[in-house]
Amino acid sequence: MTIKTALFFTLLILTSLATTAEEKPEPPPLNPAYHGEHPMVLLNQGASIYAANLPTYDFPNNVQVVYKIENPGIAFLSLVRDADLVSIKPKAFNIERLMRGEEVEVTADVYSGHYGKGGSKLLSNAPIVFSKKLYSRTLNDLTPSSQWQEYDMIPVSSDGRIYIHKIQQPPSFNHLIFVDLSSACMQKFRTSKRVPPHNELTIKFVNCGSLKPLYYDTQNLDK
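For the sequence shown, the positions run -21 to -1, 1 to 202 when mature numbering (1 follows the signal peptide of the UniProt record, and there is no 0) is used.
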C-alpha cells in the first residue's frame, strides 16, 4: 500500500468516526399517557405569537410549557393581538413532544375568550405549528404554597423577557408577564396573599421596564 493510499484510508476512517460522533442517540419512546387534550392560551408580543398550556396538578397536564408558534399570517396575528384572550383546544396529541423540544403541528379550534368559560369559537381545525420550545417544567416536588413567589425568566429578544410564575402546591396561580427590560427584575418576592390579585403582581415588575401582562389565572390551581 502506498503512502498516498494509506493517508486516504486514514482520512476516510477519521471522517467516518467524526460523523458517528455527531449522530445523536434516538430518544426513548414517547410515554403514551401524555397523549390527550392540552388546552392553551395564545400570547402576543410584537410580531411573535407564543403558546402557553393551561396546567393542572393532575397527570398528564401537570406541566408548564411555553412555545413560540409559527406565525401563519397577518390576519391570525391581528386576531391574537387585538383580543383580550385567545385560547385553543387542540386535537389530542402527546405533549411530551413539546417537553422534548420537538417541532409539532396540531389542528385546533381557536376561541376568543376562554374555550371552557363561554368563549366564542373563531376557527375550527386551524393548523398550529409549535416551532421552538422556550420553557418546560414538570409540576413535581412543588414547594408549599406561600406568600413568597418565584419566577423563571424566558429570554425572547435582546431585551425582551417573559417571566413565568413557578406554580406551587395549591392554592397557587398561573401568571406570565412580558418585560422590555431597562433594569434588573426581582424573580423572588413576597406578596400579600398566597394567591395575590393580578394588579399586585404587575406592580412588582413595574420598575423593570415596559410591561405587557400576558396571562393570569387560578383555575384548577387554587384548591
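For the record, the hints were derived by calculation from the structure and aren't laboratory data.
Backbone N, C-alpha and C define an ideal beta-carbon position, used for all residues, glycine too.
Certain hints may be false.
Unchecked claim - Each pair of labels, with its calculated beta carbon distance range:
no.	residue 1	residue 2	range
1	L9	S162	40 to 46 angstroms
2	P123	T86	37 to 43 angstroms
3	P176	R79	33 to 39 angstroms
4	Q198	L101	16 to 22 angstroms
What the hints assert, rightly or not - Cross-link-like lysine-lysine pairs, in silico, DSSO-like; alpha carbons within 30 angstroms at most:
no.	residue 1	residue 2
5	K70	K167
6	K112	K68
7	K112	K47
8	K172	K111
9	K70	K202
To see whether the hints hold, each was checked on the structure:
A beta carbon spacing of about 42 angstroms between L9 and S162 agrees with the range 40 to 46 angstroms that was offered as a hint. Taken as a hint, the range 37 to 43 angstroms holds for the pair P123 and T86, whose Cβ atoms sit roughly 39 angstroms apart. Our hint of 33 to 39 angstroms for P176 and R79 holds, since their Cβ atoms are close to 36 angstroms apart. Between Q198 and L101 the beta carbons are some 21 angstroms apart, a value that agrees with the proposed interval 16 to 22 angstroms.
Simply put, K70 and K167 have alpha-carbon atoms about 36 angstroms apart, too far for the 30 angstroms limit, and the pair is violated. Among the hinted pairs, K112 with K68 is consistent with the structure: their alpha-carbon atoms are about 19 angstroms apart, no more than 30 angstroms. Between the alpha carbons of K112 and K47 the distance comes to roughly 6 angstroms, so the proposed pair stays at or under 30 angstroms and holds. Taking the CA atoms of K172 and K111, the gap is near 34 angstroms; set against the 30 angstroms cutoff, the hint is violated.
A C-alpha spacing of about 28 angstroms is found between K70 and K202, which places the hinted pair at or below 30 angstroms, so the restraint holds.
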